[in-house]
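S.K.: Taking the hints into account, I'd like the entire structure generated from these sequences.
Protein chains: 2
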Amino acid sequence: MNNARFQISVHILTLLAKADGKPMSSEIIAASININPVLVRKEITILRKAGMVQSKEGKNGGCFLAKNAQNILLSEVYKAVRQDATVFGKSKNTPNPACPVGRQINQHIEGIFQIADDAILESLGKISLAEFSNQFE
Amino acid sequence: MNNARFQISVHILTLLAKADGKPMSSEIIAASININPVLVRKEITILRKAGMVQSKEGKNGGCFLAKNAQNILLSEVYKAVRQDATVFGKSKNTPNPACPVGRQINQHIEGIFQIADDAILESLGKISLAEFSNQFE
DNA sequence: TCATTCTGTAATTATTAATATTACAGTTTT
DNA sequence: AAAACTGTAATATTAATAATTACAGAATGA
Chain W
56 MNNARFQISV HILTLLAKAD GKPMSSEIIA ASININPVLV RKEITILRKA
106 GMVQSKEGKN GGCFLAKNAQ NILLSEVYKA VRQDATVFGK SKNTPNPACP
156 VGRQINQHIE GIFQIADDAI LESLGKISLA EFSNQFE
Chain S
56 MNNARFQISV HILTLLAKAD GKPMSSEIIA ASININPVLV RKEITILRKA
106 GMVQSKEGKN GGCFLAKNAQ NILLSEVYKA VRQDATVFGK SKNTPNPACP
156 VGRQINQHIE GIFQIADDAI LESLGKISLA EFSNQFE
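Those protein sequence lines, which keep their order, are chains W and S.
Converting from the first sequence to our numbering requires adding 55 to each position, the first position being numbered 1.
Converting from the second sequence to our numbering requires adding 55 to each position, the first position being numbered 1.
Please keep in mind that the hints were generated in silico from the structure rather than gathered at the bench.
Check before you lean on any hint, since a few could be wrong.
[Stated by the list, open to error] With a straight-line Cα cutoff of 27 Å, these simulated DSS-like cross-link-like pairs (lysine-lysine) come out:
{"#": "1", "chain 1": "W", "residue 1": "Lys145", "chain 2": "S", "residue 2": "Lys73"}
{"#": "2", "chain 1": "W", "residue 1": "Lys73", "chain 2": "W", "residue 2": "Lys114"}
{"#": "3", "chain 1": "W", "residue 1": "Lys97", "chain 2": "W", "residue 2": "Lys134"}
{"#": "4", "chain 1": "S", "residue 1": "Lys73", "chain 2": "S", "residue 2": "Lys122"}
{"#": "5", "chain 1": "S", "residue 1": "Lys147", "chain 2": "S", "residue 2": "Lys122"}
{"#": "6", "chain 1": "S", "residue 1": "Lys145", "chain 2": "W", "residue 2": "Lys147"}
{"#": "7", "chain 1": "S", "residue 1": "Lys181", "chain 2": "W", "residue 2": "Lys134"}
{"#": "8", "chain 1": "W", "residue 1": "Lys111", "chain 2": "W", "residue 2": "Lys134"}
{"#": "9", "chain 1": "S", "residue 1": "Lys134", "chain 2": "W", "residue 2": "Lys147"}
{"#": "10", "chain 1": "W", "residue 1": "Lys181", "chain 2": "S", "residue 2": "Lys134"}
{"#": "11", "chain 1": "S", "residue 1": "Lys77", "chain 2": "S", "residue 2": "Lys114"}
{"#": "12", "chain 1": "S", "residue 1": "Lys122", "chain 2": "S", "residue 2": "Lys97"}
{"#": "13", "chain 1": "S", "residue 1": "Lys134", "chain 2": "W", "residue 2": "Lys145"}
{"#": "14", "chain 1": "S", "residue 1": "Lys77", "chain 2": "W", "residue 2": "Lys134"}
{"#": "15", "chain 1": "W", "residue 1": "Lys181", "chain 2": "S", "residue 2": "Lys77"}
{"#": "16", "chain 1": "S", "residue 1": "Lys147", "chain 2": "W", "residue 2": "Lys181"}
{"#": "17", "chain 1": "S", "residue 1": "Lys145", "chain 2": "W", "residue 2": "Lys145"}
{"#": "18", "chain 1": "S", "residue 1": "Lys147", "chain 2": "W", "residue 2": "Lys147"}
{"#": "19", "chain 1": "S", "residue 1": "Lys145", "chain 2": "W", "residue 2": "Lys181"}
{"#": "20", "chain 1": "W", "residue 1": "Lys147", "chain 2": "S", "residue 2": "Lys97"}
{"#": "21", "chain 1": "S", "residue 1": "Lys147", "chain 2": "W", "residue 2": "Lys97"}
{"#": "22", "chain 1": "W", "residue 1": "Lys122", "chain 2": "W", "residue 2": "Lys104"}
{"#": "23", "chain 1": "S", "residue 1": "Lys181", "chain 2": "W", "residue 2": "Lys147"}
{"#": "24", "chain 1": "S", "residue 1": "Lys77", "chain 2": "S", "residue 2": "Lys111"}
{"#": "25", "chain 1": "S", "residue 1": "Lys73", "chain 2": "W", "residue 2": "Lys147"}
{"#": "26", "chain 1": "S", "residue 1": "Lys77", "chain 2": "W", "residue 2": "Lys145"}
{"#": "27", "chain 1": "S", "residue 1": "Lys111", "chain 2": "S", "residue 2": "Lys97"}
{"#": "28", "chain 1": "W", "residue 1": "Lys73", "chain 2": "S", "residue 2": "Lys145"}
{"#": "29", "chain 1": "W", "residue 1": "Lys97", "chain 2": "S", "residue 2": "Lys145"}
{"#": "30", "chain 1": "S", "residue 1": "Lys134", "chain 2": "W", "residue 2": "Lys134"}
{"#": "31", "chain 1": "S", "residue 1": "Lys145", "chain 2": "S", "residue 2": "Lys134"}
{"#": "32", "chain 1": "W", "residue 1": "Lys114", "chain 2": "W", "residue 2": "Lys77"}
{"#": "33", "chain 1": "S", "residue 1": "Lys134", "chain 2": "S", "residue 2": "Lys181"}
{"#": "34", "chain 1": "W", "residue 1": "Lys145", "chain 2": "S", "residue 2": "Lys147"}
{"#": "35", "chain 1": "S", "residue 1": "Lys181", "chain 2": "W", "residue 2": "Lys145"}
{"#": "36", "chain 1": "W", "residue 1": "Lys73", "chain 2": "S", "residue 2": "Lys147"}
{"#": "37", "chain 1": "S", "residue 1": "Lys147", "chain 2": "W", "residue 2": "Lys134"}
[Said to hold, decoys possible] Computed, partial: chain W to chain S, Cβ under 7 Å:
{"#": "38", "residue": "Asn58"}
{"#": "39", "residue": "Ile83"}
{"#": "40", "residue": "Ala85"}
Since we're looking at a predicted model, the values are computed, not measured.
For glycine and all other residues, C-beta sits at the position ideal for the given N, C-alpha and C.
M.R.: This is the structure we're talking about:
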């Protein structure tokens, strides 16, 4: 996974939670995060496919939450961002198959990755977007 | 953090656990992982500073475990590799300070990163190198 | 003692991944 | 019909990783 994207998604969602249903443009959001608007729209595509936000095209359009912030868990956000990988990503190494350890390491390390990923999901499942965004003054 | 490095460290330690105290050269280790020997030596430096391995210079030198594999937890390995960051790394963004959310996001997201990191540490703390390496045939 | 085989580390280059930018068709509003 | 958006693709730029080269210093052993 790419660390920065989780943070970007949480930032977007926090802004939307604060916007109280009013559509926000990718340009406004990008200005708060200080990244490119196209990246914001790409990230919003992920969040939309995961059912957390909705978009409205055209003038005065933008993005808004698809459900109440209390019903959006940070674990969902994490899951949407990391897609089908785990915290540690996917092993992209191609170890030596002639070595017993090299031959089996990917299989066994995936088990570890899964354990770590499950632990993250459980911990982030305890925090809702509402709780997170309410921390802000 | 960099995902691949955790896997590299676990691979190195698994090889050493199997080597039964006999020093292994960085070249042999690198051949199993299929990466450059210099990268292996760099990673070993991290593991050595964390007290998990020892090195012997000179001819017939190499690297070996500094303690029993039962006493090396995967959480230690993870901690050594990720250094002073968390799973999600360090926020390197510089959000807009003129925005209330932008101004506070780094501070609040760090709290989330910490929670996720603690969860990983706890889950990996339950697995020793001995248990992990015994999975291999 | 001296060639050999290692480590440790720095410096440089090459490769890959992440991010930014440009562009534009399509949608909605006024 | 102009304006202000989204969605998405294509390309360029920048940053992060990894490989390579290089070499001093340590231990071994013929």
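S.K.: Now tell me if each hint is right for this structure.
M.R.: Comparing the hints with the structure gives:
For the given pair, lysine 145 (chain W) sits about 25 Å from lysine 73 (chain S) by alpha-carbon distance, which is consistent with the 27 Å threshold. For a cut-off of 27 Å, the pair hint linking lysine 73 (chain W) to lysine 114 (chain W) stands: about 21 Å separates their Cα positions. Between lysine 97 (chain W) and lysine 134 (chain W) the CA atoms are separated by roughly 16 Å; this keeps the pair inside 27 Å, and the hint holds. Between lysine 73 (chain S) and lysine 122 (chain S) the CA atoms are separated by roughly 13 Å; this keeps the pair inside 27 Å, and the hint holds.
The straight-line distance between the Cα atoms of lysine 147 (chain S) and lysine 122 (chain S) is roughly 36 Å, outside the 27 Å bound, and the hint therefore fails. The straight-line distance between the Cα atoms of lysine 145 (chain S) and lysine 147 (chain W) is roughly 23 Å, inside the 27 Å bound, and the hint therefore holds. In summary, the hint linking lysine 181 (chain S) to lysine 134 (chain W) is supported, as the alpha carbons are separated by about 24 Å, within the 27 Å threshold. For the hint linking lysine 111 (chain W) to lysine 134 (chain W), the alpha-carbon distance of about 24 Å falls within 27 Å, and the restraint holds.
Between lysine 134 (chain S) and lysine 147 (chain W), the direct Cα distance comes to roughly 22 Å. Compliance with the 27 Å bound is thereby established for this hinted pair. Taking the CA atoms of lysine 181 (chain W) and lysine 134 (chain S), the gap is about 24 Å. The hint holds against a cut of 27 Å. A distance of roughly 13 Å separates the Cα atoms of lysine 77 (chain S) and lysine 114 (chain S); the hinted pair therefore holds under the 27 Å criterion. The suggested pairing of lysine 122 (chain S) with lysine 97 (chain S) holds, with an alpha-carbon distance near 20 Å, which does not exceed 27 Å.
Restraint check: the Cα-Cα separation between lysine 134 (chain S) and lysine 145 (chain W) comes to about 20 Å, which is no more than 27 Å; the hinted pair holds. At roughly 43 Å between alpha-carbon atoms, lysine 77 (chain S) and lysine 134 (chain W) are farther apart than 27 Å, so this suggested pair is violated. A distance of roughly 46 Å separates the Cα atoms of lysine 181 (chain W) and lysine 77 (chain S); the hinted pair therefore is violated under the 27 Å criterion. A distance of roughly 26 Å separates the Cα atoms of lysine 147 (chain S) and lysine 181 (chain W); the hinted pair therefore holds under the 27 Å criterion.
The straight-line distance between the Cα atoms of lysine 145 (chain S) and lysine 145 (chain W) is roughly 21 Å, inside the 27 Å bound, and the hint therefore holds. Restraint check for lysine 147 (chain S) and lysine 147 (chain W): the C-alpha separation of about 25 Å stays at or below 27 Å, so the hint holds. About 22 Å separates the Cα atoms of lysine 145 (chain S) and lysine 181 (chain W), which keeps this hinted pair within 27 Å; it holds. As the CA atoms of lysine 147 (chain W) and lysine 97 (chain S) are separated by approximately 20 Å, the hinted pair is consistent with the 27 Å bound.
For a cut-off of 27 Å, the pair hint linking lysine 147 (chain S) to lysine 97 (chain W) stands: about 20 Å separates their Cα positions. A distance of roughly 13 Å separates the Cα atoms of lysine 122 (chain W) and lysine 104 (chain W); the hinted pair therefore holds under the 27 Å criterion. Proximity of lysine 181 (chain S) to lysine 147 (chain W) is assessed by CA-CA distance (about 26 Å); at most 27 Å being required, the pair is judged to hold. With a CA separation close to 11 Å, the supplied pair lysine 77 (chain S) and lysine 111 (chain S) stays within the 27 Å bound.
For the suggested pair lysine 73 (chain S) and lysine 147 (chain W), the alpha carbons sit about 23 Å apart, so the restraint of at most 27 Å is met. Between lysine 77 (chain S) and lysine 145 (chain W) the alpha-carbon distance is near 31 Å, which puts this suggested pair outside the 27 Å criterion. Proximity of lysine 111 (chain S) to lysine 97 (chain S) is assessed by CA-CA distance (about 15 Å); at most 27 Å being required, the pair is judged to hold. Simply put, lysine 73 (chain W) and lysine 145 (chain S) have alpha-carbon atoms about 25 Å apart, close enough for the 27 Å limit, and the pair holds.
At roughly 22 Å between alpha-carbon atoms, lysine 97 (chain W) and lysine 145 (chain S) fall within 27 Å of each other, so this suggested pair holds. Annotation: proposed proximity of lysine 134 (chain S) to lysine 134 (chain W) holds, straight-line Cα distance about 23 Å (limit 27 Å). Note on lysine 145 (chain S) and lysine 134 (chain S): the hinted pairing holds, with a Cα-Cα distance of about 14 Å set against a maximum of 27 Å. Straight-line distance between C-alpha atoms of lysine 114 (chain W) and lysine 77 (chain W) comes to about 13 Å, which keeps the hinted pair within the 27 Å bound.
At roughly 14 Å between alpha-carbon atoms, lysine 134 (chain S) and lysine 181 (chain S) fall within 27 Å of each other, so this suggested pair holds. Note on lysine 145 (chain W) and lysine 147 (chain S): the hinted pairing holds, with a Cα-Cα distance of about 23 Å set against a maximum of 27 Å. At roughly 22 Å between alpha-carbon atoms, lysine 181 (chain S) and lysine 145 (chain W) fall within 27 Å of each other, so this suggested pair holds. Distance restraint check for lysine 73 (chain W) and lysine 147 (chain S): the Cα-Cα separation of roughly 23 Å lies within the 27 Å cut-off, and the hinted pair is therefore satisfied.
Taking the CA atoms of lysine 147 (chain S) and lysine 134 (chain W), the gap is near 22 Å; set against the 27 Å cutoff, the hint holds. Taking 7 Å as the C-beta contact cut-off toward chain S, the hint placing asparagine 58 (chain W) at the interface holds, the least distance being around 4 Å. Taking 7 Å as the C-beta cut-off, the interface hint given for isoleucine 83 (chain W) is violated, the closest approach to chain S being about 9 Å. Given hint, alanine 85 (chain W) at the interface with chain S, is violated; its Cβ is 9 Å from that chain's nearest Cβ, farther than 7 Å.
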